[in-house]
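Asker: Taken in sequence, the protein lines are chains A and B. The first sequence maps to residues 1 to 346 in UniProt numbering. The second sequence maps to residues 1 to 301 in UniProt numbering.
No lab work stands behind these hints, which were simulated from the structure alone. Where hints are given, some of them may not hold.
Claimed, not checked - In the BS3-like style, the derived pairs of lysine-lysine whose C-alpha atoms are separated by at most 30 Å in a straight line are:
| id | chain 1 | residue 1 | chain 2 | residue 2 |
| --- | --- | --- | --- | --- |
| 1 | B | K83 | B | K49 |
| 2 | B | K266 | A | K177 |
| 3 | A | K226 | B | K266 |
| 4 | A | K236 | A | K319 |
| 5 | B | K255 | A | K236 |
| 6 | B | K155 | A | K223 |
| 7 | B | K289 | A | K226 |
| 8 | B | K210 | B | K155 |
| 9 | A | K223 | B | K255 |
| 10 | B | K297 | A | K58 |
| 11 | B | K124 | A | K46 |
| 12 | B | K287 | A | K46 |
| 13 | A | K46 | B | K266 |
| 14 | A | K58 | B | K289 |
| 15 | B | K83 | B | K174 |
As the list claims (entries may be wrong) - Far from chain B by the CB rule (all over 10 Å, computed), these chain A residues:
| id | residue |
| --- | --- |
| 16 | I35 |
| 17 | L41 |
| 18 | K46 |
| 19 | L284 |
| 20 | M334 |
By construction, the Cβ of each residue, glycine as well, lies at the ideal position given by its N, Cα and C atoms.
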Amino acid sequence: MNPQANLIFIASLLLGTTITISSNHWITAWMGLEINTLAILPLISKSHHPRAIEAATKYFLTQAAASTLVLFSSMTNAWCTGQWDITQLTHPTSCLILTSAVAMKLGLVPFHFWFPEVLQGSPLTTGLLLSTIMKLPPITLLYMTSPSLNPTLLTTLAIFSTALGGWMGLNQTQVRKILAFSSISHLGWMAIIIIYNPKLTLLNFYLYTMMTAAVFLTLNTIKVLKLSTLMTTWTKIPSLNAMLLLTLLSLAGLPPLTGFLPKWLIIQELTKQDMAPAAMLISLLSLLSLFFYLRLAYCTAITLPPHTTNHMKQWRTNKPTNITIAMLITMSIMLLPISPMIFAAI
Amino acid sequence: MALAVMLLDGASFHSACCRHKVLLSSLGPLLSNSKLYSSYRRPGAEPEKKLSWQNADFSLKKSIDHLKTHLSLLKKETQDYLKGPGGNPLSQHLLEQTRVLWQFRSQEDLNKWVISSDVEIGGKSKVYIKLGRNNQAAVLYGTLNTEVPRDGETKYSGYCSMKSRPEVGSFNRKKYYDWSNFNSLYLRVRGDGRPWMVNIYTDPYFSHQKDDLYSYFMFTRGGPYWEEITIPFSKFFLSSRGRVQDNQHPVWLDKVRTLGFTIGDKVDGPFQLEIDFIGLLNDRAHKEKFAYEVYDKNTPV
């Protein structure tokens, strides 16, 4: 892509995110969301393939509708209470509309239908941006308005997101769609705890961003889009392949790895808040997503010769792995022992 | 002043009168029984005697049967979902190298395909489909006639085609084929030497893409021997409404809706194509990703 155009799009993405997360007034927050939406559209439709254009159109329609709802909720609140401050959103209707608007922006059930298709139609690096940076402004808005939001609604959305993210990811063979469903189920975990301890939502988001970035960048290095291609990656970069296995298990939330930390803390907080059944339900539902993470891990690392694979064996590359990937993978596997330091920092 | 009032009265009376006429003329199409948008009918289309809303059937028994059928389809879909991708276990998805999609052994298999020709625009070609000898193949045969229908707007004519019916799941939801494991189409045919075009139609979510078609050619030999033709998916080019596009893209195989064969080689006369089966192949020796140039061709100097 034209480097100047790329610079403008990336800079606009960063600008939009910064505007939203640092704003006090609803109009600036909405402005940042719109800048983000518009800036990422050319990145999604970069290749001009009909499916990429379709993904960009779907993304634009849902995000524009969600931004409209954000504006509508803030205007309703301003009309009834006179407040434009984001933290002062108190009117119940406004909170309801804002929750559904943010659910649409993030891809929480029942507004999740656009997410797998958009991720499937976009290139892997743009998929990374969609799963990580584009989620930060809406989560910030939820964080700032969390005291006034309806707990029942958020818990329902969260449990359904974890359930559907798990069920619908079960039969996917396209890796980008699997990562979309993993994102939906992680968002469920983030949404369930936001009323009780919003800092845990942010912690979950940061760790999820780190692990997802590691996975996406690894998949981009080994150029994998389908499950059958994943099976021959051990020929390309064997060490990265082994690390991908561990990163996927970390994303699934298995204990000695970093991904366990947010899940543990969320379950602990939910139990303290007398929501043990919700905690039990959400942990059982994330077993479904564990199934497809294990399937990805199986296809990555456990299918070695003499298993036959369906994809052409690829040449080993001599290119050294990017240092960013190495750092992200290290952090996403080994951060659990320093969790007291993380508690102090959040 | 009185004059102004009289003029105003006159104007309102006149406009009321004109409004009545205008109203009648706008109600005209509604009062007559023709379509609101156009009453031009293409020569091959049949005249509509019954309006579409008169076809609705409100019987309770029929709707309950319909509901039962769809619920059983939904149950079957859920069971297939629990087995693995595409209703088969994952190991089959990961290891399969060939798959037979359509095999012509009975009338049911023929019913999965739709034949059409230029009769729908007023042409004179004929096309028929039947089962071949010993129910071993489908025979698509007919006569191509390139005589242009005289309706003042058609310039070309003479085509016949056979297209698979799009798959429909429970509650009339669209189902797609996932061919991403494979890289070639494998056909066992016996033609008559005429060139055919193979068309793949992928999911058009938005209506802008509903005319997008990926096509490639199938050249048949006329002989008495069966031919096994392999067409790699990397060779399919993108066309929209029949015009080959400048920006070419490879066909994405994860959401394929229908496959079709068309003959339109501008030669009048009979044609025949026998198809034994249509399948997919993962050709390990075929390494080409896409056969057409993907780099930007119109860069300003």
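Asker: Hinted pair, alpha-carbon criterion (30 Å max): K236/A, K319/A. Please report holds or violated.
Answerer: Holds, at about 10 Å.
Asker: Verify the proposed pairing of K83/B with K49/B, using a straight-line Cα cut of 30 Å.
Answerer: Answer violated: K83/B to K49/B is near 48 Å, above 30 Å.
Asker: Is the straight-line distance between the alpha-carbon of K223/A and that of K255/B 30 Å or less?
Answerer: holds, 21 Å
Asker: Decide if the proposed pair is consistent with the structure: K83/B and K174/B, CA atoms, cutoff 30 Å inclusive.
Answerer: holds, 20 Å
Asker: Within a Cα-Cα threshold of 30 Å, do K46/A and K266/B meet the stated pairing?
Answerer: violated, 39 Å
Asker: Would L41/A pass as off the interface with chain B, using Cβ distances and a cut of 10 Å?
Answerer: holds, 15 Å
Asker: Take a quick look at whether K124/B and K46/A sit within 30 Å of each other, Cα to Cα.
Answerer: violated, 45 Å
Asker: Would the hint linking K297/B and K58/A be met if the CA-CA limit is 30 Å?
Answerer: holds, 29 Å
Asker: Given the hint that K226/A pairs with K266/B, test it: the Cα-Cα distance must not exceed 30 Å.
Answerer: The given pair, whose Cα atoms are some 42 Å apart, is violated under the 30 Å limit.
Asker: Can you confirm whether the C-alpha distance between K155/B and K223/A stays at or below 30 Å?
Answerer: Violated: K155/B and K223/A sit about 47 Å apart, past 30 Å.
Asker: Please verify whether K58/A and K289/B have alpha carbons no more than 30 Å apart.
Answerer: With a Cα-Cα distance of about 27 Å, the restraint between K58/A and K289/B holds, given a limit of 30 Å.
Asker: So is K46/A really clear of chain B, every C-beta pair being over 10 Å apart?
Answerer: Consistent with the label, K46/A stays out of reach of chain B, its closest Cβ about 12 Å off (over 10 Å).
Consistency note: the structure conflicts with the earlier hints numbered 1, 2, 3, 6, 11 and 13.
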